[in-house]
Amino acid sequence: MLKISADKLNDLFDAISAKQTLYIPVDREAGSAEYKKYESGMEMSRGLNTVRSAKDFFFPQTENLADFKMNGKNIEVIDIREESEDFVIFGVRACDARSFTILDKVFLAEPVDSYYKNRRDHGTVVTMACTRPAETCFCTTFGIDPTAPEGDAAVFSDGENYFFKANNEKGQAFIDSISDMLQDGDTEKLEKIQENTREIMKKLPLANLSTDSFGGERLMEHFSSEKWAELSESCLGCGTCTFVCPTCQCYDIRDFDTGNGIKRFRCWDSCMYSDFTKMAHGNSRNSQLERFRQRFMHKLVYFPANNNGEFGCVGCGRCLSKCPISMNIVKVMKALEVK
Amino acid sequence: MQETIIKRAKELLADGTVNRVIGWKRGEFVYDITPAVFETAEEIDAEFVFDDFTQANVSKYLIKESRKEGKILAFLKPCDTYSFNQLVKEHRINRENVYVIGIPGGPKLDIEKIKAKGITGILDVKNENYTLKIKTLYGEETMPFYEAISGKCADCKSKKHVVYDELIGEDGDVLESNRFDMVEKLENMTAQERYDFWRGELSKCIRCNACRNVCPACTCENCVFDNPSSGVSNKAAADSFEENMFHIIRAFHVAGRCTDCGECSRVCPQNIPLHLLNRKFIKDINSLYGEYQAGADTTSKAPLNDYNTDDCEPSIVHERGVE
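As they're listed, the protein sequences go chains A and B. In terms of our numbering, the first sequence opens at residue 1 and continues consecutively. In terms of our numbering, the second sequence opens at residue 1 and continues consecutively.
Pulled out of the complex, with its shape left as it was, chain B reads as follows (with noise of 0.2 Å):
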């Protein structure tokens, strides 16, 4: 897949339908692989690299990209096409800058995952039928593959490209998915289990802002946490409460336009399940105003953004808080 990517990259840019291309880096060792433009074929040749670890989503970067001069080339996964699709409904990105090539998507690898089995010095990681072979400074190491995938492929909503110019590799279907299980099994505790549950989360956060900062739907030119003239741009939590209430807040904003793309968890560096709340919200809307998938369409209202006089009552939150 990598070379086919690589070879239609390289004939855009050659033919100057796109003057840059954004895809992935290889970095130090197998696995720690960073988002990146490039703007000819040496480049490309020499540094893009597409396999089980380009996992991060690039739909972001393309607010900056798709406003810069020239056309940009985006290879975009399914889940990445639902966040530049609610992107460019937003009107955050400039869609006409923007060449998109549908590519299959994952199961991508979770290198924490690996990690976690007590695999250290690991030097090299090969997909061989289904069966990591991890070659580690301590000797040769095996998991399955499966069990090695990223938080966000295992609940896969989608293989379905949702946009695209053209397409490698031959389009899916949006997926039976059981990613609402989790949520469930939240909402079937009973109120102190849960508080106990998000509060034993939540406290391990340390505000280092990856999560908004990586997150499609968080685009404000200056979040009001930023802003010190805000009132509320709490650096630093007056007490333990309120790293619960950044991440329930910061929920409720992208509530309606959150693509369940899992950025948000993957970047965690204290492994927060923080897409659980913003999975309650997607639930919740469906529920409440119809199934509803942001960045399925750039046409359709959304339902927070949209009354209709049969939406429920606000008393129906009341009604679902009761135990």
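Here chain A stands alone, though its shape is the one from the complex (with noise of 0.2 Å):
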């Protein structure tokens, strides 16, 4: 497999940004991490993943949508869609790598979202796989291998060496495009530490959770379950594990008025606040049980009922590690569980 040594990673790091734009993880305080813009020197983190998820890439937390402007009894509509410039985010783990499959069945399905396909055809992912999980991660639960991460391209660490496999053609391109500065490596090592990361997850504390009680054809059991009073009793109301997590995709439209004219933009929305789906007629969910329901039936009923059985979450853990109560998705999924 082709291979560059460890210590050369930030010269890597410089051709592919002297190209194209790089985004690496960067530890921002001892614990965190965030996704930056790599200028040359910087560091990329060793910790296991950022706080917010990989999704900002294509799907950002703000965007602009459309500019009107008015002219007297004219509104003229402008359209602000540019071509996306050609980026790579490079050290994506597993788990937010199937995000984007995830993303993609709501985003490029008919009618194909044209804001975030532009930017997904522009984005080139390179993941890297994991070596020391964390114990809330629960990647595997959803059927993923955080040894061999999906990603156009993947990179693996024996430690000394960073190894390149493509998954795809964009992940070939790219490869391509640093192939001057990889050499064959052997593999040997790297085999070994594969197989410790998979013994490892097998010893996670979530390791035996299980979807087997979830799925589209659950609907009424779940939805009427009596658990979701005490579930969700302290819930806050917060938006924090809407924003952390890498699959929750619900946005809102609002029209900015500028004085002269509206900029209409969408922004991330949180099941979880109060004029989440706010109508004419009101709201739809009034209490903070209702709006709780919906954000875990949503990732374990409804998503795989429209999407073939899959589920809208990848085990990333980001909620178990930031919810200010510590409510979470496992805890749901344990007390929902069908015996």
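In case anyone wonders, no lab produced these hints; they're calculated from the structure. The beta-carbon is built from N, C-alpha and C at its ideal position, and this holds for glycine as well. Hints are not guaranteed to be accurate.
List time: in silico DSSO-like cross-link candidates among lysine-lysine, alpha-carbon distance up to 30 Å [stated by the list, open to error]: (1) A:Lys334 <-> B:Lys133; (2) A:Lys203 <-> B:Lys113; (3) A:Lys189 <-> B:Lys117; (4) B:Lys185 <-> B:Lys160; (5) B:Lys7 <-> A:Lys331; (6) B:Lys68 <-> A:Lys37; (7) A:Lys331 <-> B:Lys68; (8) A:Lys331 <-> B:Lys160; (9) A:Lys36 <-> A:Lys8; (10) A:Lys69 <-> A:Lys117; (11) A:Lys334 <-> B:Lys126; (12) A:Lys165 <-> A:Lys36.
Per label pair, the in silico range of CB-to-CB distance [what the hints assert, rightly or not]: (13) A:Glu226 <-> B:Asp15: 27 to 35 Å; (14) A:Ser114 <-> B:Thr142: 50 to 58 Å; (15) A:Glu226 <-> B:Gly70: 15 to 23 Å; (16) B:Met189 <-> A:Leu108: 47 to 55 Å; (17) A:Ala335 <-> B:Phe145: 55 to 63 Å; (18) A:Ser114 <-> B:Ile316: 26 to 34 Å; (19) A:Ala335 <-> B:Glu96: 27 to 35 Å.
Put the two chains together into one complex; each comes in its own frame, and the hints tell you how they fit.
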């Protein structure tokens, strides 16, 4: 397999970023990383994952959709879409890589979301295999192999080298573009590390979490469960879980009055918020119980019902770490388990 | 301590003094504690927990809980009693419907401080003579207890319970705290340095509203920022300065009512030190209107709600703003 030695990683970043914009995970303060546009000398985070997921690259927290200019009685509609530049996201974990597959099912289904597609077409996702999963990880529950991540190209570390493998044509093109810096390497040590990681995955506290009790056909059973009251009783109704989640995809579209026109934008929305899906008649979910239930029903029942059984969660564990009251999808799945 | 608390909770449930108990429930790991209401002795035996990780302030939940049928038992740490008292003062909590037991406070542990050391795969954390023995998937780690304590406990202002019906353990004193040190440091910066500090911190904000929703001083039925008809609901920031404005406006709104419980910074997923904005207001109120601690009592007049002829003139703001 083609590889580069670990001490040459920044040379590689310099070479990639000379051709296109490169984003890498960078430590912000001890223990929390974020994706940043690479600048020479920046060090890649050794942490497991970023606080915010990688979905921002394709589905940003806010974006303008169109401008409207008022001229007397005429309204001019201005299409502000521009072709995205090419960019590379390096170091995406297997969970986040799978989240793109989930987001694709929403945004690339007819009618195609041209804003999302534009960025998706121009972005190359280079994933990084995991070697030190955290106790909050449960990606294997959703059939994800963190030692063999998806994405356009995948990178594997044996501690001394980074190995490159293409998963599709885009990934192959990426590897070809840097092949002069890579050389053939022996993967014996790497295979041992992968085996070791797979063993650790089996020992994780959430290794046995099962999706057997969920899916599209379980709708009424779970919707009517009496457990929601207890599960949601302490929910603060904040949007932390939805905003750190790599698969949460709900958004709101609003108009911003600029004084002589309108900027139409969309922004992430959260089903936990009291004005979520508020319509002319009012709100369809008036209690926090209903709003809380919506989030988990969406991921565990509605999404698989509409997407051939695929669940809307990738087991990244961000909501487990970040919920202010430590209520999360794992606790919900365990409480609703059908024995 | 947990055993004593559980025993007393069951007694008060059994003799009918209360019909519910609010406390904390164990999670999947040693640290992921959820506030919870218990109705039976069996539930308490199965899930009630009080340990080094039970940080959450349950006072705000009592707004809703104290309006229900019957009396609820609440276990409050010293800092929580200030929030509780302030909410009683603001007529948000129905005092008669709550039986308060004062329990010892922290220092509590912050799992993020442990993870920040690069410790991962955490399976258990034990405090042995103020050294943490941390069992992980990758072997055993140790770290000093005091390096892992939560920020709000490191700056603890008081070990005194300002309200209770009974006490478990001994009551403490108001502490000589160093909680204004960082505020002073910020005050001593140049305007540009201070601006850069806050822009750096506040630009991390993802507007999840966790700080607002956990805040015992933020109890509006419908926040202006959640009300689409308000015209300022700003679900998305029109520019990067709006995130700053949200936090500054919120700090103004809770000024004089914020007890400095520290929940805002504890819950922030982006680790923004939001409490420093509130502490700046507390420090200014202390110096401009005389020492005042929100929540210390339920009768005194709040400095910003009260007019006296010797109040400082508005021009003081201008004077203090000059570099």
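Going down the list of hints, with the structure as the test:
no. : hint                              : in the structure
1   : A:Lys334 <-> B:Lys133             : holds (28 Å)
2   : A:Lys203 <-> B:Lys113             : holds (24 Å)
3   : A:Lys189 <-> B:Lys117             : holds (27 Å)
4   : B:Lys185 <-> B:Lys160             : holds (28 Å)
5   : B:Lys7 <-> A:Lys331               : holds (27 Å)
6   : B:Lys68 <-> A:Lys37               : violated (52 Å)
7   : A:Lys331 <-> B:Lys68              : holds (26 Å)
8   : A:Lys331 <-> B:Lys160             : violated (35 Å)
9   : A:Lys36 <-> A:Lys8                : holds (20 Å)
10  : A:Lys69 <-> A:Lys117              : holds (26 Å)
11  : A:Lys334 <-> B:Lys126             : holds (26 Å)
12  : A:Lys165 <-> A:Lys36              : holds (24 Å)
13  : A:Glu226 <-> B:Asp15: 27 to 35 Å  : holds (29 Å)
14  : A:Ser114 <-> B:Thr142: 50 to 58 Å : holds (54 Å)
15  : A:Glu226 <-> B:Gly70: 15 to 23 Å  : holds (21 Å)
16  : B:Met189 <-> A:Leu108: 47 to 55 Å : holds (48 Å)
17  : A:Ala335 <-> B:Phe145: 55 to 63 Å : violated (33 Å)
18  : A:Ser114 <-> B:Ile316: 26 to 34 Å : violated (55 Å)
19  : A:Ala335 <-> B:Glu96: 27 to 35 Å  : holds (34 Å)
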